[in-house]
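Those sequence lines, one after another, are chains A and B. Heads up: the first sequence runs through residues 56 to 165, numbered per my numbering. Heads up: the second sequence runs through residues 2 to 115, numbered per my numbering.
No lab work stands behind these hints: they were computed from the structure. The beta carbon of each residue, even a glycine, is placed where N, CA and C say it ideally should be. Take the hints with a grain of salt, since some may be wrong.
As the list claims (entries may be wrong) - Listed below are the simulated EDC-like cross-link pairs for lysine to aspartate or glutamate, each with C-alpha atoms no more than 20 Å apart in a straight line:
no., chain 1, residue 1, chain 2, residue 2
1, B, K58, A, D57
2, A, K115, B, E103
3, A, K115, A, E70
4, A, K111, B, E76
5, B, K58, A, E71
6, A, K107, A, D149
7, A, K123, A, D57
8, B, K58, B, E76
9, A, K164, A, D57
10, A, K111, A, E97
11, A, K123, A, D149
12, A, K132, A, D110
13, A, K132, A, D57
14, A, K107, B, E76
15, A, K132, A, D149
Said to hold, decoys possible - A few chain A residues that face chain B, going by a derived Cβ cut-off under 8 Å, partial list only:
no., residue
16, S87
17, G98
18, L102
19, K115
20, S148
21, F155
22, G158
23, T159
What the hints assert, rightly or not - Estimated spans, in silico, between C-beta atoms of each pair:
no., chain 1, residue 1, chain 2, residue 2, range
24, A, M62, B, G59, 33 to 41 Å
25, B, T15, A, G64, 21 to 29 Å
26, B, Q55, A, T67, 37 to 45 Å
27, A, V137, B, G59, 29 to 37 Å
28, B, T113, A, K123, 30 to 38 Å
29, A, E97, B, R64, 35 to 43 Å
30, B, G59, A, Q100, 17 to 25 Å
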Amino acid sequence: GDSVTQMEGPVTLSEEAFLTINCTYTATGYPSLFWYVQYPGEGLQLLLKATKADDKGSNKGFEATYRKETTSFHLEKGSVQVSDSAVYFCALSDGGKLIFGQGTELSVKP
Amino acid sequence: KAGVTQTPRYLIKTRGQQVTLSCSPISGHRSVSWYQQTPGQGLQFLFEYFSETQRNKGNFPGRFSGRQFSNSRSEMNVSTLELGDSALYLCASSLGTSGGNEQFFGPGTRLTVL
Chain A
56 GDSVTQMEGP VTLSEEAFLT INCTYTATGY PSLFWYVQYP GEGLQLLLKA TKADDKGSNK
116 GFEATYRKET TSFHLEKGSV QVSDSAVYFC ALSDGGKLIF GQGTELSVKP
Chain B
2 KAGVTQTPRY LIKTRGQQVT LSCSPISGHR SVSWYQQTPG QGLQFLFEYF SETQRNKGNF
62 PGRFSGRQFS NSRSEMNVST LELGDSALYL CASSLGTSGG NEQFFGPGTR LTVL
């Protein structure tokens with residue numbers, strides 16, 4: 056079945072460092088891909104999405120490009136802030152349901 | 002526009018009891034999905050409803066059930082609670098069932114089974 060694999064955390068960075076969180080997927084079709092973020096004690100917030108190959112999703116300085124040839128959707132940000140500390144989830148859409156990766160905890164130190 | 006709301010936010014139950022969780026989707030959204038989040042298993046899909054019909058179901062035992070009302074509000078029920086049912090239950094709504102539709106999540110209901 057379809058699946059999503061994320062790099063394991065926790066990831067600890069200093070403020071203004073460059074962030075990459077790797078995400079690869081396995082799917083039989085051409086799913087839409089998403090990044091969600093979860094702050095402590097809260098639900099999931101959609102960060103960005105891409106619906107077809109070579110699409111780039113972007114929001115709040117975060118970017119991810121749908122790479123069909125490498126089945127990847129890596130999340131990047133050029134300069135992280137303390138407020139970016141959260142858990143990040145990569146997901147693919149299989150019809151109406153989302154299949155999530157295991158999540159990557161990011162901690163940004165001042 | 003109000004977001005997805007879930008009630009209650011916290012619940013404590015004992016083994017063998019049953020529980021009902023409620024979800025009100027964003028106005029105009031007709032699809033509601035439920036997910037279970039645990040430290041060990043991560044985020045797992047429970048089921049999806051659209052226009053009062055269950056369209057998709059995850060790999061959970063029959064103790065987990067749900068329904069959707071004509072106003073798109075949804076409830077999920079867990080009967081004969083087990084310790085392993087302790088989790089954060091998240092509801093998400095979207096306009097439709099297409100894979101490209103964004104799902105908007107509520108804050109979740111934290112269920113603790115003692």
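Hints versus structure:
1. B/K58 with A/D57: At roughly 15 Å apart (the allowed maximum being 20 Å), A/D57 and B/K58 satisfy the hint.
2. A/K115 with B/E103: holds, 17 Å
3. A/K115 with A/E70: This hinted pair holds, its Cα atoms lying about 16 Å apart.
4. A/K111 with B/E76: violated, 36 Å
5. B/K58 with A/E71: The hint is violated at about 42 Å.
6. A/K107 with A/D149: holds, 14 Å
7. A/K123 with A/D57: Holds, at roughly 14 Å.
8. B/K58 with B/E76: Within the cut-off at roughly 14 Å; holds.
9. A/K164 with A/D57: With a Cα-Cα distance of about 35 Å, the restraint between A/K164 and A/D57 is violated, given a limit of 20 Å.
10. A/K111 with A/E97: violated, 26 Å
11. A/K123 with A/D149: holds, 16 Å
12. A/K132 with A/D110: It holds: about 17 Å lies between the C-alpha atoms, which stays within 20 Å.
13. A/K132 with A/D57: violated, 27 Å
14. A/K107 with B/E76: Violated, at about 33 Å.
15. A/K132 with A/D149: violated, 27 Å
16. S87: This hint holds: A/S87 lies near chain B, its Cβ roughly 5 Å from the closest one there, short of 8 Å.
17. G98: holds, 4 Å
18. L102: violated, 11 Å
19. K115: violated, 15 Å
20. S148: Holds. Min distance 4 Å.
21. F155: holds, 4 Å
22. G158: holds, 6 Å
23. T159: Check failed: Cβ of A/T159 comes no nearer than 11 Å to chain B, outside 8 Å.
24. A/M62 with B/G59: 33 to 41 Å: violated, 25 Å
25. B/T15 with A/G64: 21 to 29 Å: violated, 34 Å
26. B/Q55 with A/T67: 37 to 45 Å: holds, 42 Å
27. A/V137 with B/G59: 29 to 37 Å: Between A/V137 and B/G59, where Cβ atoms are some 36 Å apart, the hint holds.
28. B/T113 with A/K123: 30 to 38 Å: Roughly 42 Å apart at Cβ, these two residues miss the hinted range, so it is violated.
29. A/E97 with B/R64: 35 to 43 Å: violated, 27 Å
30. B/G59 with A/Q100: 17 to 25 Å: holds, 22 Å
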